[in-house]
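If you want the building blocks of each chain, they are given just below.
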Amino acid sequence: MPDTKKDFWPPDIFADDVRTPSAILREQALLLGSKTRNLIMGEVQTEGGDDWFTIRFYLVAPVLDGYRYKVCVLRHDISLFPVYILQGLTERLQTEQNAGVEVRMSPVLIEEFYSIHRDSPPSNYRIESEADFVTWVESLLSSQEMRRVLKHLMALIRSNSVLPAIAS
Amino acid sequence: VAHGGADFGADFGLLYGYTEGAEPRMNFAFWNLNRKPLIEHVVRLAELHSIDVLLLAESPYGAGDLLSALNRAEAVFYFISGASDKLQFVTRIPPVNIKLHIGGPRFMIREILTPGSLPLLIVAAHLPGKMDSDDKSQASECIELARDIREAESKVGHERTILVGDLNVDPFSHGVVASNGFNGVMSRQIADSDGRTVQGRRFPFFYNPMWSLYGDHSRGPCGSYFYNSSNHLSYYWHMIDQVLVRPALVPAFPVDRLQILDRIGSTELLTGAGRPDRNIGSDHLPLLFTLNDETIGVR
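Quick mapping for you: the protein sequence lines, in order, are chains A and B. With my numbering applied, the first sequence covers 1 to 168. With my numbering applied, the second sequence covers 1001 to 1299.
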């Protein structure tokens, strides 16, 4: 008897033509490791949950006993965009810009924030497209705040050095 | 004793930036630097022998110095932070694939979990020397570490284990040979049996290939460390820097690639009298070995 089963699934699901927010951050993570001789590295964690993906982006300094600095926490659904900014340097950037009060959200607050703003998150926490996300990542990673953090990390690493030049 | 490590089961897509392209085998090096400023020798050693896992004891360098020197040309090495301040662990394997199981001031037990490969347990140790301990205390340290290793193996569910380091005792010493110590035997055939049962307790063997490197007819120097005691009893050469492997890894362990190095490139590490040259290198010689089973590939 002939096999009459038909495959309705799309044929091109393995096509590598979609760039996720995580992938964009990982590119930057790789570049940071190369730039600092792996003294400071970027780490991207992506965690899937019901309906949502949560991305955490850290700076990690293994040579400082594995010190970690949380750069940002993001969330998106299966559409990939918009991306919602839940935590991180963004608040500091906005604080710098608006001279407002800095708020760094705890995990509980993140959930609360998201439940409140699920249908209509504030626009300044929402990034609509891949192009806008790349622009936002660029502003985040090249910000004065990021520069300050990286310089402090390098100074801490250098302070343990016995060699004349380190990662110059 | 500290327990730690990332929970790899909880997340997916966890990634450090790392470079691609490595052979399906792992090259290891261990060297006790005796606090000598040997960074250029270390870098050369890593380059010449394509080292994937580099373990140092008594390093005078901070982790940043070490990593910065090794990654001078390209950022291919990662520093693996751990509980032990007596050992430094640098590797080409991305840290995301390495989990700390247990660590203490003088040892660390880490599991390497690379996609497509069977997991591997690496135990690095720098145990107390004769200056700090008597023979019985040294044996006790071996017994305690052996117990930690068995516990770690029980926890991870396999015995694909390598023990490497400056054990500060010879392969024939009580702590290395005793069944409740490392249970290290000189014969692959003996190691290949199901451990040794003493008083109803089973102790898994380690195969100790260092026996094959003793004396004039071995490849390279007669041992890894030279000490001429003024007492009646003196062995002159000692094999206190050792690697031992569980039977599960013996097929992946080519004994002919196990070496005690007497030179790094063109730099002789021995004096004209054939002893470690403390002016050029350390009082210990570097130890090199390879795991070449493709199931243990770096990537």
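Be a bit skeptical, because a hint or two may be false.
Stated by the list, open to error - Residues from chain B shown here face chain A by an in silico Cβ test under 7 Å; the list is partial:
1. Leu1067
2. Ala1075
3. Ser1084
4. Trp1211
5. Ser1266
The set of hints was computed from the structure by calculation and includes no laboratory data. Quick caveat, the model's predicted, so the values are computed rather than measured. Using N, Cα and C, we set each Cβ at its ideal position, and we do this for glycine too.
### Query
Against chain A, is Trp1211(B) within 7 Å by beta-carbon distance?
Hint on Trp1211(B): violated, closest Cβ of chain A at ~36 Å, above 7 Å.
### Agreement of hint Ala1075(B) with chain A interface, Cβ distance less than 7 Å
holds (5 Å)
### Query
For the hint on Ser1084(B), does the least C-beta distance to chain A fall short of 7 Å?
violated (12 Å)
### Task
Would you settle whether the hint for Leu1067(B) is holds or violated, based on the nearest Cβ-Cβ distance to chain A being less than 7 Å?
Leu1067(B) check passes; min Cβ-Cβ to chain A is 6 Å, inside 7 Å.
### Query
Taking 7 Å as the limit, does the beta-carbon of Ser1266(B) come near enough to a beta-carbon in chain A?
violated (23 Å)
Going through the hint list in order, the structure does not satisfy hints 3, 4, 5.
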